[in-house]
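Place chains B, C, D, E and F on chain A using the hints.
Chains as they are written, first to last, in our numbering: chain A, 1021 to 1338; chain B, 1021 to 1338; chain C, 1021 to 1338; chain D, 1021 to 1338; chain E, 1021 to 1338; chain F, 1021 to 1338.
These are computed hints drawn from the structure, not numbers from a lab.
Please note that a few of the clues may not be correct.
As the list claims (entries may be wrong) - Using C-beta positions, here's what the derived DEER-type ranges look like:
#1 Gly1183(F) with Glu1219(C): 28 to 34 Å
#2 Ile1227(E) with Glu1180(B): 37 to 43 Å
#3 Ala1134(C) with Glu1123(B): 54 to 60 Å
#4 Pro1124(A) with Glu1123(B): 53 to 59 Å
#5 Thr1053(A) with Gly1164(E): 58 to 64 Å
#6 Arg1118(C) with Gly1164(E): 40 to 46 Å
#7 Leu1051(F) with Glu1180(A): 27 to 33 Å
#8 Gly1140(B) with Asn1135(E): 54 to 60 Å
#9 Glu1219(A) with Leu1240(D): 58 to 64 Å
#10 Ala1247(B) with Gly1140(D): 55 to 61 Å
#11 Thr1098(D) with Glu1243(C): 24 to 30 Å
Said to hold, decoys possible - Rough simulated footprint, nothing fancy, chain B against chain A, three-plus residues with beta-carbon under 8 Å:
#12 1038-1050
#13 1082-1091
#14 1115-1123
#15 1203-1216
Quick reminder that beta carbons are idealized off the backbone N, C-alpha and C, glycines included.
6 protein chains.
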Amino acid sequence: MPKKTADNMDLPPSLTAPRYMDIPTFMRTHLITDPAEFDIAIIGVPYDGAVTNRPGARHGPRELRNASSLMRTIHHVTRVNPYEVCRIGDGGDVHFTRVYEIEPSHTEITSYFANFHEAGVVPLAAGGDHSITFPILRAIVKNGPVGLIHIDAHTDTWDEFMGSRYSHGSPFRRGVEENLLDPQRTIQIGIRGAQTSSEGWDYSRDIGMRVIFIEEFNQLGVEAAIAEARRIVGDGPTYLSFDIDSLDPAYAPGTGTPEVGGLTSIQAQELLRGLRGLNLIGADVVEVAPAYDQTGNTALVGATMMYEILCLLAESVG
Amino acid sequence: MPKKTADNMDLPPSLTAPRYMDIPTFMRTHLITDPAEFDIAIIGVPYDGAVTNRPGARHGPRELRNASSLMRTIHHVTRVNPYEVCRIGDGGDVHFTRVYEIEPSHTEITSYFANFHEAGVVPLAAGGDHSITFPILRAIVKNGPVGLIHIDAHTDTWDEFMGSRYSHGSPFRRGVEENLLDPQRTIQIGIRGAQTSSEGWDYSRDIGMRVIFIEEFNQLGVEAAIAEARRIVGDGPTYLSFDIDSLDPAYAPGTGTPEVGGLTSIQAQELLRGLRGLNLIGADVVEVAPAYDQTGNTALVGATMMYEILCLLAESVG
Amino acid sequence: MPKKTADNMDLPPSLTAPRYMDIPTFMRTHLITDPAEFDIAIIGVPYDGAVTNRPGARHGPRELRNASSLMRTIHHVTRVNPYEVCRIGDGGDVHFTRVYEIEPSHTEITSYFANFHEAGVVPLAAGGDHSITFPILRAIVKNGPVGLIHIDAHTDTWDEFMGSRYSHGSPFRRGVEENLLDPQRTIQIGIRGAQTSSEGWDYSRDIGMRVIFIEEFNQLGVEAAIAEARRIVGDGPTYLSFDIDSLDPAYAPGTGTPEVGGLTSIQAQELLRGLRGLNLIGADVVEVAPAYDQTGNTALVGATMMYEILCLLAESVG
Amino acid sequence: MPKKTADNMDLPPSLTAPRYMDIPTFMRTHLITDPAEFDIAIIGVPYDGAVTNRPGARHGPRELRNASSLMRTIHHVTRVNPYEVCRIGDGGDVHFTRVYEIEPSHTEITSYFANFHEAGVVPLAAGGDHSITFPILRAIVKNGPVGLIHIDAHTDTWDEFMGSRYSHGSPFRRGVEENLLDPQRTIQIGIRGAQTSSEGWDYSRDIGMRVIFIEEFNQLGVEAAIAEARRIVGDGPTYLSFDIDSLDPAYAPGTGTPEVGGLTSIQAQELLRGLRGLNLIGADVVEVAPAYDQTGNTALVGATMMYEILCLLAESVG
Amino acid sequence: MPKKTADNMDLPPSLTAPRYMDIPTFMRTHLITDPAEFDIAIIGVPYDGAVTNRPGARHGPRELRNASSLMRTIHHVTRVNPYEVCRIGDGGDVHFTRVYEIEPSHTEITSYFANFHEAGVVPLAAGGDHSITFPILRAIVKNGPVGLIHIDAHTDTWDEFMGSRYSHGSPFRRGVEENLLDPQRTIQIGIRGAQTSSEGWDYSRDIGMRVIFIEEFNQLGVEAAIAEARRIVGDGPTYLSFDIDSLDPAYAPGTGTPEVGGLTSIQAQELLRGLRGLNLIGADVVEVAPAYDQTGNTALVGATMMYEILCLLAESVG
Amino acid sequence: MPKKTADNMDLPPSLTAPRYMDIPTFMRTHLITDPAEFDIAIIGVPYDGAVTNRPGARHGPRELRNASSLMRTIHHVTRVNPYEVCRIGDGGDVHFTRVYEIEPSHTEITSYFANFHEAGVVPLAAGGDHSITFPILRAIVKNGPVGLIHIDAHTDTWDEFMGSRYSHGSPFRRGVEENLLDPQRTIQIGIRGAQTSSEGWDYSRDIGMRVIFIEEFNQLGVEAAIAEARRIVGDGPTYLSFDIDSLDPAYAPGTGTPEVGGLTSIQAQELLRGLRGLNLIGADVVEVAPAYDQTGNTALVGATMMYEILCLLAESVG
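Bound conformation, chain A alone (with noise of 0.2 Å):
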C-alpha cells in the first residue's frame, strides 16, 4: 500500500465557514465511513463508569466536539497546518452496549479501536474518564511495550478500588502489567494532590517511570522538563495521554477530581509542542467533564489541546 497522503482530501467547507454553524464533528471534519481513507482518527470515547469521584465525563466527546469547531488550521507557532499533512475524520463515538459494566465497556473500546488500527489508522481518542486508555493501548500496541507520556495530576498507578483493578486510578499500573507500557520509557508530568496512601505514587517510582510533580515541574521550568520527556521516551513508538485535570482548576474547572495547584494553559501547550518529531502512535485527551464546566472554558482548552496534539501526531504520522 503506498504511503498515505492528503492529497486526495478536500477539506470539509465547514472548516472555514462561520464557526456556529453546521454538525459538530470533531475539529469540523469528515465522518469516516470507510478508514482506510484516513491516516488520523479522532475518536469519541463517551464513557465515565469508572470515575471515582464525580461522573460526567460521558459527556465529554460531545463538548469537546463543539468547542472543537472554535480550531482552525494553519499552527501559529509551528505554521504546521495538520490538514495538509495528514487525511484526518471524525471516527464517531465507540457503541457501548453493556454500559453498567467496566470489563465489558473496556472490551468494546478495544474493539472499536482495534477497528482502525488494522486500517492502519492512529487515534486520537477523546474521553470519557481516565480509564479508557489502558483498552485504547490493548488495541493498538502490538509489538512490545511502548514509551508513554501522561500529563496529569494523579499517576493514576493505583490498584484496586471499590472492587475494581480497572478504575480511572489504574490504567498505567494495568498497562505495565499486561506489558504494553514500558515503565522506564515513561513519564508522568503535573502529579500532585494529597493521596490517603502513597501506593501509586511508590507504584510508578519502584516500576522505573520518572515522575515529575508539579513542583519540579515549575522549578526545572517547560524546556527542561520537555528535554526530560525526550530523554524517557526516546525515538520508540510513544503514547501521549492528556489529562485535563492536569491544568489548574482555574483552567479547567470542569473535570472529576479537580486538584488545586496544576499546570496552566499555556505551560501546557508549550510541553506539547515540545513533543515534536516523536514517534508517536496515538493520543487521547481525557476527563473534560462539561457538567462542571459554565463557562465552556474546560471543553475550549481541552480542544485546544486536542488540536496540539493533532499537529503532532500529524507530523508523527505524515
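Frame of chain A; chains B, C, D, E and F shown alone:
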C-alpha cells in the same frame, strides 16, 4: 411519483443508543445528502442578525440538535411514531456567506429551503431569530397565500425598526405584504408585554388576523383556543411558527426578548397536539438563545416542541 | 399648586432606543434632581442588613434598574401608558452611612423618602430586604393608619429575631404597633411554608388581618382574591408591598428565603391588574437578590411587577 | 418495648438557629447512632450507577441535606409538627464499597436499610437514582407485597437495559417480580415523554397498575387524583416513591432525565398532602442531580417534598 | 483657553459610597452634559454587529459600568489619582439608529466621538466589538497617522469576511489604508491561535507592524515588551487598544472569540503601567461579552484595565 | 498533663470512603464533643455582617466543609500526614444569637474560641468575613502580642467605615491597638488594588508592619518572600490569616471584594509550605462567598489552603 413511504428507510441506530453518544444531528436522524429520499427535513438556520435586543440565537440550531438527543420516537399521548410514518432527516444548516446583511442572508435562507421544497420535502426549521420565517415562506409558498398559526409573545407585525423592514419584529407583516400569508387565515396566540406604540397590535387587528393575547388564552383554556385556531386556518395549507418566547421565562429563559407571564410548557404541548390533521406545509421553532440558558431547559423545551411539531408534520405529510 | 400633569414632561429618548443602550435608570426615566417636577419617584433601597437567611438584596436596585430597560410604555391589557398620565422619574438610591446598624439605616430610609413625600411625590421603592417597608411607611403615613395589600410567602409579622425587633420578618407588626397600618384594612396573600412557631401567623390573624394562604388563593382563583383585597382595603389610602418570594422559586429563584409552592408570574400580574382604581399612596417590590439569579429572570419579573405597579400608581395619582 | 414517643427526644437546637449555620444533617436533626431511639430515619443513598442518561444523583443526598436546613417544623396547612409526633433523625449514608457494580451496591443498600427496619425505624430515603427503591423494598417488605404510590415522569417498569435488569428504569418491574409490590395496589402518577418502545407502559397496564399520565392528571385535577390513589392503595401497607423528574424541568432542572410538561411544585405538594392517614411503611425522594441545578431550586424542592412526606410518615408512624 | 485642571471639579460622592449603591456610571463619575467641562470622557459603544463568532459585546458597556463601581481612585503602585489630575466623566453611549448595518453604525460612532474630540476631550471607549476602533480613529485622528499599541489575541488585520471589509477582524488594516495608523509605529502584543490562512499575520508583518506573539512575549518578559512598545511608538501621538481576549480565558471567559494560552491579568496590568508618559490620544477596552461571563470576572478585569488606562490618559492629558 | 498524641485517635472511616458520601464535616473528621480529646479544631464562623461590598461569606463554612471532602491525608510534597501527628476534629460553628450587631457577634466568636483555647486546642477557623480574625485573636492571645503572617489583597488596617470600627477592613488595626498583634512581627503579602485614600496603607507602614505588595512579591519570587516572612515573625508565637481574595479572581471568584492581579494558587501553596516550623498558634481562611462561586473552585481552593495550613499547624502543635 409514487407517494413517499417510510418503508425503505432504516432508522438510525442512534435513536436507541444512550442519548449522550454519537454526533448530535437533529433527533439523531440521518444527515440528508439527497433530499429526494426524505419527506421531512429538519433544517438549522443559525442566524440572529435581525434581533432587537439580546443576540445569540445563531447558536440555537446547535443546542437544539444537542438537546434533541433526548427526544424519542413514540408519542405518549397519540402513540404516533413519526419515523414510521415518514422519512425524516437532518437537512444541515443554511450556509450563510454574508452574515452582516439581513436581506442577502434572507435570500440565502430562501434558496436553501427552496432546494428542499423543490424535492417535495417539508421543512421543520430550527432558528435563529424570528426574521427567518419570512424567507422560509418565500421558499415554500408558491400558490397563493397560506394560513398561519403563530405562537409567540409578540405579534411580529411591526414595521421598520432601526432602518430595516426585515427585523425579527416584522416577518408576518412582510409575509402579508408579499401575499405569502392570508391574514384572514392567521391566528396569533400568547401575545403580551408592553410596547412603546400599539402599531404592531393594530396592524394585526386591522389586517384581519385573530390575535389571542395570553389573558384571553388563559380565560378560554387550551381546548377553546385550539378550536379557534382550527376555525381560523381551516383546511387550507398552513404554516406553523413557534417562538420559544411564547413560553414564560421560567420555562424558557434562553431567548432574546423574554416576556413575563407566558405559556407553560404543557399548555404549549396541548395546544400543538390539538392541531393534528391540519394541512401543514412547514413549521419552525425560533429564538432559542443558548447563552442565556444556563440549565439547558430552553433547548430541551425547544427540542420537545420540535418533536411535537414533527409528529404533526408526519401525519400531515404521511 | 395646580394639579400635576405630564404635559410638560418630555419622555427620555432612551425609552424608545434599543434596550441595551444607555445608563440604566429605572425604566430608563430621567434621574430626578428636583422632586417637585415629578409625580412618582422610583427609588432604590440597597439594603439587606436585616435578612434572616441569605443576604444579597442590597444588589437588588441595580439589577432591577438593569432589567427595567426591557420595560416599555403602553400596557397590553389596559392600554394605559403611565408616562402619559404622570411625570415619573428615578429617585436614585437612599444614601446609607451606617450600614451595620438596622435602626440608623431605617432612619436614613425614612428621611430619604420623607424628602420626596414632602414634595408630593408618590414612591415606588425597589428593595432591598423587606425590613425597608416599615421606615418607608414612617415617611409617608402621616394622617392615621393606612390599608395594606401585602403579597408575600411570609406574613412578616413576627416579633424579635436574634435580638432585633426590626428584621425583615417584622415590618408589618411594627407598622401596626406604630399605628401606621390598620390591620383591619390589611390583606396578606400568598403565605406559605413551614415555621418553627405559629407566632407570626397567629399575630396576623389575632390582630385582624386577612391572610390568604396560597392554598386558599388557588382555590379562590385570582378574581375572588382581587375582590377580597378590594373589600378589605376599600377606598382609603393603601400601601402595596410586593415581596418577590411570593412567586414560586421557579419564577423567582433570586431571593433570600425562597419558599416552594408559590404564585406564578401571571397570577401575580393579574392580581395586580385587579387593583386598578384603589387609593394607592406608595408601593414597593422587595427581596430581589441577584447573586442567586443566574438567568436574570428574577430581576426581569421584579421589573415587570414594578411596571404593573407603576401603572396602578399612575392611575391613582394622575 | 413501650410504644415510641417523642417525649424524651430533645429537638436539636439547630432547628431554630439561622439556617446557614452548623453541619447540614437532614432537616438539621440529630445523627442517629442507635436506631432504637428513633421512629423515622432519613437516610442518604449516594448512588447513581444505574442511570441511563446524565449521572450525578450520587451528590443528591449532600445537597438535599444542605437545602433541608431551610425546612422548619410546623406545617402551614395541616399544622402538624412531625418532630412532636415522632423521633426523627439522620441515618447517615449507605456505605458503598463496590460502586462499580449494580447488584452488589443494591445488596449494600438492602443491608443498610434492613438494619433500621429491624430496629422498627421507618425510612425516608434520599437518592440517588431510582434503582435504589428496589433494594429498599427488599429490606422493608417482609410480609407479602405492599402498595405503591409512585410519582414520576416514567413508569420505571422497563426490562433489561444495556445488559442489566437493574437500571433506574426497572425497579418497579423487579419489585412485582419478587412479590414485593402488589401491582393491583400500585398507582403511577405524572407519566409522560416519548419512548422508543411502549414496553414499560404496556407492562404497567397489563400487570394491573393504575397509570395516570400527566394529561389525565391535569384533566382530573389534584383532588380526583388523590381519591384515585387512595382507592388503589386502600388501607394496606404502602410505599411512597417520589421521583423529582415528575416535576416540570422549570421547577426541577437538576435531574438526569428531565421531561418537559410535568407537575408544578404546588400540584405535587397538594397531591402529597392528600395522602394523610395512609398506612405508609417508607418513602423516598430520588434523582436530584445537583450538577444540573444552578439555582439550587431542585434541591430546595426536593427537600420540601421530603418535609411533606416526613409529615405523612410521622402521622402514619406516630 | 486656559489649560484644563481638575480644581473646579467636585468628585461625585458615589466614589466613596458603598460600591453597590447608586446609578452605575463609568467609575461612578458624573454624566457629561457639556463636554467642554471635561478632559476625559469614558464612552460606551454598545455595538456587536461585526463579530465573526459569538455576539454579545453590545452588553459590554453596561456591565463594565456596573463592575467599574468597584474601581477606586488612588493607584496602589503609582499613587496616581487620575481624578486629581483631570476632569473625568461618563460620556454616555453612542446612540445607534441603524444597528443592522456596519457602515452606518460606524459613521454614528465617528460622529459621537467627534463631538467630544472637537471639545478637546480625550476618549476612553468601552466596547462593543473590536470593529469600533476604526470609526473612533476616524473621529480623533486628524493630523496624519498615529501610533498604536494593540493588545489582543488576534492581529485584526484581516481583509474581507463574509462580504464585509469592516468586521471586527479588520479595523487596523482599514486604519492603515485610511492613513489613520502608522504601521511602523504599531505594535501588536499577545497574538496567538490557529488560523485558516496566514493572511492577517502576513499583512501585519509585511506592512511593517511589530507583532509580539504570546510565546515571544513570555520569553521577553513584561519589561522587555514594554521597552519594545515604547521604542516602536516613540513620542508621537499614540492610540491604545485593549481587546479583552488578549487575556487567557481563565481570566476573561466572557468574550466572543476566546483563545487559550493568553496573558494573565497581572501581566496585562504591568504592561499597561509600563506605558506611563506616552503621548496617548485615546484608548479602548473591547470585546467584553457579559452573556459568557458567569462570574463577572471578565467585566471586573475589563473595568480594572480601564482604570489602569485612565491613569495613563490622565497623566498624558493632565 | 502529658503531651497529646494522636495514638488513641481513630481516623474517621469517611477519610477513605468515596468523597461524595457522608455528612460533610471539615476534612471528614469527627465532630468534637470534648475539646480535651483534640489538638486542633477546625471551626466554622458563618458571619458576614461586617463586609463593605458583597455579602455571602456566612455560607463559607458550609461550602468549605463540602469541598474539604476532596482533601486527603498525606501531603504530596512534605509527605506529612497531619492526622498521624495530631488529633484533629471539626469544632462546629460559632453559635450566633445577635447577628445584626457586629460587636456582640464578635463577643460570641471570642467566647466560642476561648472554650477551645482553654482546653489547649489550636484553632483553624473558616470564615466568614475578615472581621472575625480580631475576636479570634482576643480569644487566643493572652500573653502579649503575637506575630502575624497575613496573606490578602488588602491590608485590613483601615479605621472606621460607615460608623463602625470593626468592619472587615479593620481587624489588624484593632489587633495592634489592643496589643494582640506586634506590628514589628507582622507581614502582609499580596496587597493590591486602588483605594479612595491611602490611610490603611499608611497605617501599616507607619506602625511598622512589613507590607509586600503583589508587584514586589512577584519580583522577589516565592522563596524570597518566605525568607522575609520568616525573618519578620521569627520564632515567637505567630498567627496566620489567609484571605481568599489574596488569590486572583481567576482562581477564587467567590469572594466579596475581588481584586484583579493576585496570587496564583500554586504561589499561595508554595508560600504556605515555606512556613513549616514556625510557632503557629492559630490560623484562619476567610472571605469565601459561595454565592459568587459558580464552579466551586473558590471553595475547593479554600479547602486546599486549609489543608496546607492544617499540615503546618499539625507540625507546630504535634
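Now the hints, each set against the structure:
1. Gly1183(F) with Glu1219(C): 28 to 34 Å: holds (32 Å)
2. Ile1227(E) with Glu1180(B): 37 to 43 Å: Check passed, 41 Å falls within 37 to 43 Å.
3. Ala1134(C) with Glu1123(B): 54 to 60 Å: holds (57 Å)
4. Pro1124(A) with Glu1123(B): 53 to 59 Å: Holds, since Pro1124(A) and Glu1123(B) (Cβ atoms, about 56 Å apart) stay within the stated range.
5. Thr1053(A) with Gly1164(E): 58 to 64 Å: holds (60 Å)
6. Arg1118(C) with Gly1164(E): 40 to 46 Å: violated (57 Å)
7. Leu1051(F) with Glu1180(A): 27 to 33 Å: holds (31 Å)
8. Gly1140(B) with Asn1135(E): 54 to 60 Å: holds (58 Å)
9. Glu1219(A) with Leu1240(D): 58 to 64 Å: holds (60 Å)
10. Ala1247(B) with Gly1140(D): 55 to 61 Å: The hint (55 to 61 Å, Cβ to Cβ) holds, given that Ala1247(B) and Gly1140(D) are roughly 58 Å apart.
11. Thr1098(D) with Glu1243(C): 24 to 30 Å: holds (27 Å)
12. 1038-1050: holds (count 7)
13. 1082-1091: holds (count 3)
14. 1115-1123: holds (count 3)
15. 1203-1216: The restraint on the segment 1203-1216 of chain A is violated, since only 0 of its residues have a Cβ under 8 Å from chain B and three are required.
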